[in-house]
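Asker: Each chain, written out:
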Amino acid sequence: MVKAVLTVVGKDRVGIIAAVSSYLAGVNVNILDISQTIMSEIFSMVMLVDVSESYEPFVDISDGIKKLGSDMGLRMQLQHVDIFNSMHKI
Amino acid sequence: MFIPADEIEQTVRMISEEHLDIRTVTMGINLLDCASDDISVKCRRIYDKITSKAGSLVSTVCDIEKEYGIPIVNKRISVTPLGMIANTDTEGCVRLARTLEKAACETGVNFIGGFSALVHKGYTESERALTESIPYALNATSRVCASVNAATTKAGINMDAVRDLGLLIKRSAELSKETGGSDCARLVVFANAPEDNPFMAGAFHGPGEPECVINVGVSGPGVVKRAIEKVRGEDFTTLAETIKKTAFKITRMGQLVAKEASDRLGVPFGIVDLSLAPTPAVGDSVARILEEMGLEHCGGPGTTAALALLNDAVKKGGIMASSHVGGLSGAFIPVSEDEGMIAAVRNGALCIEKLEAMTCVCSVGLDMIVVPGSTDAASISAVIADEMAIGTVNNKTTAVRIIPAPGKEPGDTVEFGGLLGSGPVMPVRSYDCSAFIDRGGRIPAPVHSLRN
Chain S
1430 MVKAVLTVVG KDRVGIIAAV SSYLAGVNVN ILDISQTIMS EIFSMVMLVD VSESYEPFVD
1490 ISDGIKKLGS DMGLRMQLQH VDIFNSMHKI
Chain G
457 MFIPADEIEQ TVRMISEEHL DIRTVTMGIN LLDCASDDIS VKCRRIYDKI TSKAGSLVST
517 VCDIEKEYGI PIVNKRISVT PLGMIANTDT EGCVRLARTL EKAACETGVN FIGGFSALVH
577 KGYTESERAL TESIPYALNA TSRVCASVNA ATTKAGINMD AVRDLGLLIK RSAELSKETG
637 GSDCARLVVF ANAPEDNPFM AGAFHGPGEP ECVINVGVSG PGVVKRAIEK VRGEDFTTLA
697 ETIKKTAFKI TRMGQLVAKE ASDRLGVPFG IVDLSLAPTP AVGDSVARIL EEMGLEHCGG
757 PGTTAALALL NDAVKKGGIM ASSHVGGLSG AFIPVSEDEG MIAAVRNGAL CIEKLEAMTC
817 VCSVGLDMIV VPGSTDAASI SAVIADEMAI GTVNNKTTAV RIIPAPGKEP GDTVEFGGLL
877 GSGPVMPVRS YDCSAFIDRG GRIPAPVHSL RN
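For the record, the sequence lines run as chains S and G. Per this note's numbering, the first sequence starts with residue 1430, numbered consecutively. Per this note's numbering, the second sequence starts with residue 457, numbered consecutively.
With the rest of the complex left out, here is chain S (with noise of 0.2 Å):
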C-alpha cells in the first residue's frame, strides 16, 4: 500500500468533496479516511489516500490534483505520507 495525504484549504463552495472524490475515483485511488472541518467560510480537509493502484504515476496525480484546486480556487496537494512521517517521528 502506498499512502498519501491529500489537503484542501480554501473558501467552501459546494461540490468539493465530490470534485475530489471523483477525480480519485477516476484514477483508481481508494480513499482510507477523510477529516474535513469548516471555520469562518475557510474549507480544510485532509484525506488519507492509497495510491498502489492507481492508473497513472503518482507525479501525475500529483499534478491532476494540483490542476483541480487551481480551476476550483483552492489549494489542493496530494503529498507521500513518508514526509509527515518523517518529520514528526523517530
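Among the hints, erroneous ones may be present.
[To be verified] Okay, derived cross-link-like pairs now, EDC-like style, lysine to aspartate or glutamate, Cα gap no bigger than 20 Å in a straight line:
(1) S/Lys-1432 with G/Asp-462
(2) G/Lys-701 with G/Glu-465
(3) S/Lys-1432 with G/Glu-521
(4) S/Lys-1518 with G/Glu-697
(5) S/Lys-1496 with G/Asp-519
(6) S/Lys-1440 with S/Asp-1511
(7) S/Lys-1440 with G/Glu-473
(8) G/Lys-701 with S/Asp-1511
(9) G/Lys-558 with G/Asp-494
(10) S/Lys-1495 with G/Glu-521
(11) S/Lys-1495 with G/Glu-473
(12) G/Lys-633 with G/Asp-832
(13) G/Lys-715 with G/Glu-521
(14) S/Lys-1496 with G/Glu-521
(15) S/Lys-1518 with G/Glu-463
(16) S/Lys-1518 with G/Asp-462
(17) S/Lys-1432 with G/Glu-463
(18) S/Lys-1432 with G/Asp-519
(19) S/Lys-1495 with G/Glu-465
(20) S/Lys-1432 with G/Glu-465
(21) G/Lys-715 with S/Asp-1511
(22) S/Lys-1518 with G/Glu-465
(23) S/Lys-1495 with G/Asp-519
(24) S/Lys-1440 with G/Glu-465
(25) S/Lys-1432 with G/Asp-719
Hints are computed from structural coordinates only; laboratory data are not their basis.
Put chain G on the given structure of chain S with help from the hints.
Answerer: Showing chain G alone in chain S's frame:
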C-alpha cells in the same frame, strides 16, 4: 487518521508559508579517471562521465519534489577539484571550464562546482595554472563555480595563494564589470574546505569521496523565525530548545529527500548539510532570526552571541535527524542573499568588521560581500588572510566570497538577481597592507594542529 491533523497542518504550513525547502541536491562525481595527456580526450571523458552519471539527476529530483510536495530549489553537480587533473595551460583550463558548462547545460543543473584547487600548502604546476585561469574560466561560463582552499589548520595559510587571489578576484571583477563584478560570486576562497559540501559556490567532490555520491543541503530560516516568535521574552534555554526542535524537523526533510534520491539514482547517500541558508525573499532571512531574539538590528552588540546560539542549536537539533551529517552545517550569513542582512548594511548597523566577528561562530565566513571597486588587491588579500586565520586557529571552515564591484562606492547597490540577490556596497578600511601581503610564503600552522 493515524497522523494527527495538527502535524499535517504544521508541515503544510512550513512549506507553503514559511519557505521550507530543500536548498540543493548535489551529486558528487569523481573525475580522476578522466585524466589524459591530450586535452581533447580529457574534455570528452569529463563530459561523457558527468552526463552519464547525472543524466537523470534533474528529472529524478523533480519527481521527488512532486511526490513529497516539498520544493527542491537547486539540482547541482560537484566534481573532483580540477586542479588535480588539469595539467594544462590557462587556455586548456578555460577549455575544461567550458566542458563543465556544457555538461551542466546538458544535465540541466544550475551550477557545477569543482573548478577548484587545494593549495593550502603550495601549488602544483597544474593547480597554479588552474588558479590563474579562474577569472577567464568564470568569464567564459555562467554555471561553473570555482574555489581555492588556501589554508588548513594542519598546514597553515598559503600566503602566496592569498596574495594571488586578491589579484585574481580583482581581475574577475574587471572582466565582468558590466554586471557589477558578478563573476566573483562564483569564486570562494576557503580555509579547511569540507570535501562533501553540497552548497555553491564552494562545492567540490573531495579526494576522500567515493566514485559518486548524493549530498543534500537543507534550508529553512523562515521556519525557525516563526517558531521562535512563539517564545518571545522567554529565557535562552527555551529559545535554544525551540530552535533545536525546529532544526530537527527541517533536517528530517533533508534526510528523507537524500535517501529517496540516493535509492532512485542508485548512488550512495553521502551527507545532509544542516544549514540555514537564507534567500533574498522576505521571511527567509537569518538576520531576522537574530533580530527576533531581541536585537534591534543585526550587526549591533549581541549579534555574535545570538548567532552562536543559533548555529549551535541548529547543529544539535539536526544531528539526530540525519544518519550522516557533513558539509558546512550551520547558519549562513551571506549579505546579498539575505533580506535582513541587506537592510542591516543599508541602515549602517552591519559592517565588515562585525561580520568578521560573526564568522567565528557561524558555519562559513565573509560571504557575498560587495566592496568598492577601488579596493586594492592587497586589501582584498588581507581580508582573505584575516578570515583564513580565523579558520585555521579555530579549527573550523571559513570562506571569503567578495566582490570588488568596478566603479561602485559605498551607498551603491549591485543587483545580481535570483538567489544571489542584491549587494549593498560596504566600505573597507583603506589602510595600506601591501607590505604585509607582499612578504609571501606561508603562515605556519597553529600549535594546536599537533595533536598526534
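Asker: Hints first: check each against the structure and report whether it holds.
Answerer: Evaluated hints:
{"no.": "1", "hint": "S/Lys-1432 with G/Asp-462", "verdict": "18 Å, holds"}
{"no.": "2", "hint": "G/Lys-701 with G/Glu-465", "verdict": "17 Å, holds"}
{"no.": "3", "hint": "S/Lys-1432 with G/Glu-521", "verdict": "16 Å, holds"}
{"no.": "4", "hint": "S/Lys-1518 with G/Glu-697", "verdict": "18 Å, holds"}
{"no.": "5", "hint": "S/Lys-1496 with G/Asp-519", "verdict": "17 Å, holds"}
{"no.": "6", "hint": "S/Lys-1440 with S/Asp-1511", "verdict": "28 Å, violated"}
{"no.": "7", "hint": "S/Lys-1440 with G/Glu-473", "verdict": "18 Å, holds"}
{"no.": "8", "hint": "G/Lys-701 with S/Asp-1511", "verdict": "19 Å, holds"}
{"no.": "9", "hint": "G/Lys-558 with G/Asp-494", "verdict": "19 Å, holds"}
{"no.": "10", "hint": "S/Lys-1495 with G/Glu-521", "verdict": "13 Å, holds"}
{"no.": "11", "hint": "S/Lys-1495 with G/Glu-473", "verdict": "17 Å, holds"}
{"no.": "12", "hint": "G/Lys-633 with G/Asp-832", "verdict": "16 Å, holds"}
{"no.": "13", "hint": "G/Lys-715 with G/Glu-521", "verdict": "13 Å, holds"}
{"no.": "14", "hint": "S/Lys-1496 with G/Glu-521", "verdict": "16 Å, holds"}
{"no.": "15", "hint": "S/Lys-1518 with G/Glu-463", "verdict": "10 Å, holds"}
{"no.": "16", "hint": "S/Lys-1518 with G/Asp-462", "verdict": "13 Å, holds"}
{"no.": "17", "hint": "S/Lys-1432 with G/Glu-463", "verdict": "16 Å, holds"}
{"no.": "18", "hint": "S/Lys-1432 with G/Asp-519", "verdict": "16 Å, holds"}
{"no.": "19", "hint": "S/Lys-1495 with G/Glu-465", "verdict": "17 Å, holds"}
{"no.": "20", "hint": "S/Lys-1432 with G/Glu-465", "verdict": "17 Å, holds"}
{"no.": "21", "hint": "G/Lys-715 with S/Asp-1511", "verdict": "12 Å, holds"}
{"no.": "22", "hint": "S/Lys-1518 with G/Glu-465", "verdict": "15 Å, holds"}
{"no.": "23", "hint": "S/Lys-1495 with G/Asp-519", "verdict": "15 Å, holds"}
{"no.": "24", "hint": "S/Lys-1440 with G/Glu-465", "verdict": "17 Å, holds"}
{"no.": "25", "hint": "S/Lys-1432 with G/Asp-719", "verdict": "19 Å, holds"}
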